[in-house]
Amino acid sequence: MIIDRETCIGCEACLEYCPVGAIGMEDEKAEIDQDLCAECGNCFRSEVCPVDAITRNGLLWPRTIRNIFSDPISVFQETGVSGRGTEESKTNDVTNRYRKGEVGFAIDVGRPNAGGVRLREVERICKELSKLNIVYDPGNPLTYLMEDPKTGKLREDVLDEFVVSAIIEFKTSLEKCVDVMKALEGVSHHIDTVLSVGVISRVDEDGTIPAAKVLEDEGFQIRPNGKTTLNLGRAIGVAAGSSRGGVGGMG
Amino acid sequence: MTHTLHRIVDIEGDGEDFVILSMAAQKHNDKGAGEKLREIFKMVADSNPDNLADDNLGGRYTGHTDEEILEHMGDKAYVGAAFSDRSRLRDALKSMEEADLGMSVVVSGNYKVVFEILREIGLKPHTVNMSLGIFGNRNILPREEILAISTMCGHGMVTTKRIENVFEEVKSGKLTPEEGGKRLASTCTCGIFNPKRAARILKRVTE
Numbered sequence: 001m002i003i004d005r006e007t008c009i010g011c012e013a014c015l016e017y018c019p020v021g022a023i024g025m026e027d028e029k030a031e032i033d034q035d036l037c038a039e040c041g042n043c044f045r046s047e048v049c050p051v052d053a054i055t056r057n058g059l060l061w062p063r064t065i066r067n068i069f070s071d072p073i074s075v076f077q078e079t080g081v082s083g084r085g086t087e088e089s090k091t092n093d094v095t096n097r098y099r100k101g102e103v104g105f106a107i108d109v110g111r112p113n114a115g116g117v118r119l120r121e122v123e124r125i126c127k128e129l130s131k132l133n134i135v136y137d138p139g140n141p142l143t144y145l146m147e148d149p150k151t152g153k154l155r156e157d158v159l160d161e162f163v164v165s166a167i168i169e170f171k172t173s174l175e176k177c178v179d180v181m182k183a184l185e186g187v188s189h190h191i192d193t194v195l196s197v198g199v200i201s202r203v204d205e206d207g208t209i210p211a212a213k214v215l216e217d218e219g220f221q222i223r224p225n226g227k228t229t230l231n232l233g234r235a236i237g238v239a240a241g242s243s244r245g246g247v248g249g250m251g
Numbered sequence: 252m253t254h255t256l257h258r259i260v261d262i263e264g265d266g267e268d269f270v271i272l273s274m275a276a277q278k279h280n281d282k283g284a285g286e287k288l289r290e291i292f293k294m295v296a297d298s299n300p301d302n303l304a305d306d307n308l309g310g311r312y313t314g315h316t317d318e319e320i321l322e323h324m325g326d327k328a329y330v331g332a333a334f335s336d337r338s339r340l341r342d343a344l345k346s347m348e349e350a351d352l353g354m355s356v357v358v359s360g361n362y363k364v365v366f367e368i369l370r371e372i373g374l375k376p377h378t379v380n381m382s383l384g385i386f387g388n389r390n391i392l393p394r395e396e397i398l399a400i401s402t403m404c405g406h407g408m409v410t411t412k413r414i415e416n417v418f419e420e421v422k423s424g425k426l427t428p429e430e431g432g433k434r435l436a437s438t439c440t441c442g443i444f445n446p447k448r449a450a451r452i453l454k455r456v457t458e
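Those sequence lines, one after another, are chains H and Y. Here my numbering is used: position 157 in the first sequence is 157, and no number is missing along the way. Just add 251 to wherever you are in the second sequence, counting from 1, and you've got my numbering.
Chain H with its partners taken away, still in its complex shape:
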């Protein structure tokens, strides 16, 4: 994002719209620190500037990464999904991305309100996780940036890119989910940001959540908040009503 100095009237209205504090005042004009700007577009989209001094600049690789990760409306072309991640469990009733006996993780690095994060910091977490038996989601933009998912190493040219937040998405077996949580706990003491952890599990017929039981037995606290996918989706060709859950019903 760019603020045109000639047009800016120095009203400061845009400053509070930046989630990473990249907009400051310089000689009574608003200016965007390009190193800190995550290209989320919040200042532009809000239409807060009374003189339309804020514009989007044409982005070149690897700066495009900032926009893909940070702008909620931006679409990752490879998957057709908007935002930082995938559909993850939201369409699991159709895709069967997470089967019974598997546990998914969505690790949201830099969230909430950490003021942005460098991908170098995200890589530190990926490297620790890659020591475990996990399978990164191939549809996630971060996985796309990995030189080698076995090591968690990201491409060298993206490491200094700055984003509002990034999601690490992967799955493992039910047996391994405690090891993953312990690894996350361990690495969290060595990072200068925060991460919010989401754990994805299929729900048994009787309403039991297998991953919740395993994690609670090991002393991890499940917060009240959850995101529940209903059994209403179905793949094309599956008859209405009778086979709710599409392929998800078989896993």
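The hints are simulated quantities; they were obtained by calculation from the structure and are not laboratory data. From the three backbone atoms N, C-alpha and C, an ideal C-beta is built for every residue, glycine too. Keep in mind that a hint or two might mislead.
[Stated by the list, open to error] Distance windows between CB atoms, simulated:
| no. | chain 1 | residue 1 | chain 2 | residue 2 | range |
| --- | --- | --- | --- | --- | --- |
| 1 | H | E216 | Y | H323 | 32 to 38 Å |
| 2 | H | T151 | Y | S346 | 33 to 39 Å |
| 3 | H | K127 | Y | S423 | 45 to 51 Å |
| 4 | Y | K278 | H | C11 | 45 to 51 Å |
[What the hints assert, rightly or not] Calculated pairs, SDA-like style, for lysine to any residue (alpha carbon to alpha carbon, straight line, at most 25 Å):
| no. | chain 1 | residue 1 | chain 2 | residue 2 |
| --- | --- | --- | --- | --- |
| 5 | Y | K327 | H | V238 |
| 6 | Y | K363 | H | E216 |
| 7 | Y | K363 | H | I3 |
| 8 | Y | K282 | H | P138 |
| 9 | Y | K412 | H | I191 |
| 10 | Y | K412 | H | P138 |
| 11 | Y | K293 | H | I73 |
| 12 | Y | K412 | Y | K425 |
| 13 | Y | K412 | H | G10 |
| 14 | H | K176 | Y | K425 |
| 15 | H | K213 | Y | F386 |
| 16 | Y | K454 | H | V238 |
| 17 | Y | K412 | H | S74 |
| 18 | H | K182 | H | D206 |
| 19 | H | K29 | Y | K363 |
| 20 | Y | K375 | H | A53 |
| 21 | Y | K375 | H | R45 |
| 22 | Y | K287 | H | V75 |
| 23 | Y | K363 | Y | E396 |
| 24 | Y | K422 | H | V48 |
| 25 | Y | K327 | H | K176 |
| 26 | H | K182 | Y | R389 |
| 27 | Y | K375 | H | R223 |
Keeping the supplied structure of chain H fixed, place chain Y upon it in accordance with the hints.
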């Protein structure tokens, strides 16, 4: 995409808070999904939600009418809505269950309460994404009442600074809590920010 997951829902006195999302699974059932998602949008609108949007465009509080949103909705549409009480949420889910359009539907909120509601209307949970909380350097986080509001936009577009400024304006009487809640909702393109709940928090903290 975990933008509705990590809301802080257990702060005493701020009431219920639920989010509905509905979408097609890309490359599975997205062909012709726009028409079904428009139907779902209308059903949710009939249940009187506290916010409503298609996150490809924006919503009621980002300056769009329902008609504009409906016109824009295609096969990649993402219906997002916020509810402040379970009865209206139940109405919306019941309508979707009866219509049986084959689109995925997700409900965020206290998952034990959500499971109860599903039981009441004869639906079953398929998969759940549970929040295990925040790890790392918590010293960099804003205070809890800011987080209670900011986490209603998981994309981080409702900024700490804006919330602090709205707190000040409500405290000084320039804005009512309700006006403050609506103002803060204006940068959430997904329609999941709950302005009514934000108003409750603003009122509680500034009184």
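Given the hint that K375(Y) pairs with R223(H), does the C-alpha gap stay at or below 25 Å?
The given pair, whose Cα atoms are some 21 Å apart, holds under the 25 Å limit.
Check whether the Cα positions of K363(Y) and E396(Y) lie no farther apart than 25 Å.
Distance ~24 Å between K363(Y) and E396(Y) Cα, so the pair holds.
Holds or violated: K29(H) with K363(Y), Cα cutoff 25 Å?
violated, 51 Å
For the pair supplied as a hint, K363(Y) and E216(H), is the alpha-carbon distance within the 25 Å limit?
holds, 15 Å
Would you check the hint for K412(Y) and I191(H), treating anything up to 25 Å between C-alpha atoms as holding?
Cα-Cα ~24 Å, so holds.
K363(Y) and I3(H): Cα distance at most 25 Å?
violated, 47 Å
Measure nothing beyond the straight line between the CA atoms of K412(Y) and K425(Y); if it is 25 Å or shorter, mark the hint as holding.
With Cα atoms ~17 Å apart, K412(Y) and K425(Y) stay inside 25 Å; holds.
For the pair supplied as a hint, K454(Y) and V238(H), is the alpha-carbon distance within the 25 Å limit?
At roughly 49 Å apart (the allowed maximum being 25 Å), V238(H) and K454(Y) break the hint.
Range first: 45 to 51 Å. Now tell me if the beta carbons of K278(Y) and C11(H) are that far apart.
holds, 46 Å
25 Å Cα cutoff - pair K422(Y), V48(H)
Holds. K422(Y) to V48(H) sits at ~23 Å (cutoff 25 Å).
For a C-alpha distance cap of 25 Å, please report whether K412(Y) and S74(H) respect it.
holds, 24 Å
Could you grab the alpha-carbon distance between K182(H) and D206(H) and see if it respects the 25 Å cut-off?
Violated. K182(H) to D206(H) sits at ~29 Å, over the 25 Å cutoff.
Of the numbered hints listed earlier, those contradicted by the structure are 1, 2, 7, 10, 14, 16, 18, 19, 20, 21 and 25.
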